[in-house]
Amino acid sequence: MPPKPSEEHVSEPILQVKSLRVGFDHPQGVVQAVDNVSFALASGERFGLAGESGSGKSTLALAILRMIKPPGRISAGEVWLAGRRLADLDEEGIRALRLAGIALVPQGSMNSLNPVLRIGRQITDAFADHGLHLGRGEEERRVATLLAEVGLSEVVARMYPHELSGGMKQRACIAIAISLRPKVIIADEPTSALDVVVQRQVMATLASVQRDLGAAVILIGHDMGLMAQFVDRLGVMYAGRLVEVAPIGEIITSPRHPYTRALIAALPSLERRGTLVGIPGLAPLLRELPPGCAFHPRCSQATDRCRTEKPVAREIVRAQVACHLA
Amino acid sequence: MVALIEAVDVSKRFAGGLGRESTLALAGLSLAIHAEKPSIIAVVGESGSGKTTFARLLLGLAEPSGGEIRYRGANLRALDRDGRRAFRHDVQAVFQDPYGVYNPFYRVDHVLAAPLRRFRLAGSRAEAREVISEALRAVGLQPEEILGRFPHQLSGGQRQRVMVARALLLKPKLIVADEPVSMVDASLRATILGSLRKLTDEHGISILYITHDLATAYQISDSILVLYRAYLAEAGAVEQVVMAPCHPYTQLLVSAIPRAHATRDWLVQEEDSRRNGLALTAMGCCFADRCPHTMPACLAAPPGLYRTAPRRAVACVQYHDYPTLPPGNPGEVLSV
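From first to last, the protein sequence lines stand for chains B and E. The first sequence begins at 1 in our numbering and counts up by one. The second sequence begins at 1 in our numbering and counts up by one.
Check each hint, because a few of them may be wrong.
From the structure, some residues in chain B lie toward chain E, with a derived Cβ separation under 7 angstroms [as the list claims (entries may be wrong)]:
#, residue
1, 148
2, 155
3, 222
4, 228
These stretches of chain E come out as covered by chain B in the derived footprint (C-beta under 8 angstroms, 3 or more residues) [stated by the list, open to error]:
#, region
5, 51-57
6, 167-178
7, 211-221
8, 246-254
Note that these hints are calculated values from the structure, not bench results. These numbers were taken from a predicted model, which means no experiment stands behind them. Glycine residues also receive a C-beta, built at the ideal position from the N, C-alpha and C atoms.
Throw the hints in and build the complete structure from the sequences for me.
Here you go:
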């Protein structure tokens, strides 16, 4: 089912990432964790970021929120949210924007809930922190509404994290993330610790709140099955670079980059048995990147050109790919 | 033909603290594993289904509250010193966390050399190195890239494969692998699972593969047991159980797997799997509150275990026309 080219994709993007680079200072030189990444997000769009551990997905998410801590730093590039350049904001401005403009559901966030505070209090913390001083009754009403939006009963507000199951905790985290009506929600492997049935409940919750808010979602993960079922467009990262971006239907049926193909083949499918193929070799160390295309030592089709010349991302209709062979 | 290892109606109940109710972690599960026909048996279930408890019972790391574990026909608790040593040799474990099992102060050689010393499997240092190198190569690792290194110098996938190599060193008859790939990257998962499959096909080692991931279980195993809240829901050949699940819980599990090459209706289907609003009863079926087919009979009594095909068992009253399997003696249905 090819996704229809909707109006939204033509309209002004809500989030724009332009040539973003994040480096970590290291005694042996700068390690480029995010290398020249550009993409744009339409409002209401669901965008996926896939890749192995260490490919820079989470660093990219943190960089968008300007949350990179030393020795890491954003060395180049810009992030625009709804027509505003985030680099122009001061610390206070960017702090106000986090959660209200872009909300992050961090990896393993269900374990980041404060164990000694009730869920309701953890949601209202965000209101106070963003200068919303509401009366107690109004606060309670808002918390109940937020919990209802993520499919939780209002009694959860008076409960402690240990009284909730993993899926409920993850939904409570989504409730916190949407509490200030953000325009972009970044969800970093929101379901990696949950079993499949609960995973589907949490993803359905995320999909429904995203629809209601009209917010764009960046879903970070490495499960291509989940990506195929959830996102509209997928970006594949390898060694800090975005090597392919395409609408999800296209990327699953005809991936252009050999690494994307390998990622899809590594997904255990229920269609055919005994077809599980791993990706040979290991992800490269970022401070010892091979010359040319970073993927060439693991690529079965690598040519001499791949070994020497770094491929540049080329734009194809609504998609881009960084490979000499594609 | 006596089984290598046999669970006979084993159950495990964890006592509650002061004034708290005890928790049933595993309810009367039976399974016989024969060494003659090496195969991979998957035990699948969500968190709290009892799958890790079952693994710990089989490994002798926990004591059953009811029933018994037999090793070559003898109760595991009653084994003498030699019997226990033979058991420790024949049955090996690979655990979930490839980071926690290593002592960071020792080189990885230590974890490989210790079992050789313990069971006196190598006459000399050179011989030990040869045996270790062979085991590492069997799981797709280059000995020169691994030996002499500290755990932090290896990737998670390499560490987990070293653990598989360690289990292989002793030439065991059975490896109990508890979530061996849940903490490694998707791209490496396939490689590790491939090396497990090779152990069965080329070295004749049976594997009990404990996982919450039905898709990987389908890819590598021969038979499967599906557990739900301490109870066996369904068991049989993996092809039958996954392609044509009988139990409503297995059906839910199969439908909840996000598939890459399928219509995008995964999220829509979620609405069909909501709870049905019924309350669980103490004596009824443990799936009654989530099942789309709940009948009055489901709330009144626990379902029997019905034999719907020669090698298939389903614990659901919808199949009550089929012969019932007696607990503790499931015969060849739960025997591999």
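Hints, verified against the model:
1. 148: 15 angstroms, violated
2. 155: Residue 155 of chain B check fails; min Cβ-Cβ to chain E is 16 angstroms, beyond 7 angstroms.
3. 222: Because about 4 angstroms separates residue 222 of chain B from the closest Cβ in chain E, which is inside the 7 angstroms limit, the hint holds.
4. 228: Constraint on residue 228 of chain B satisfied, holds at 4 angstroms.
5. 51-57: violated (count 0)
6. 167-178: violated (count 0)
7. 211-221: holds (count 8)
8. 246-254: The restraint on the region 246-254 of chain E holds, since 3 of its residues have a Cβ under 8 angstroms from chain B and three suffice.
Against the hints set out earlier in the document, violations occur for numbers 1, 2, 5, 6.
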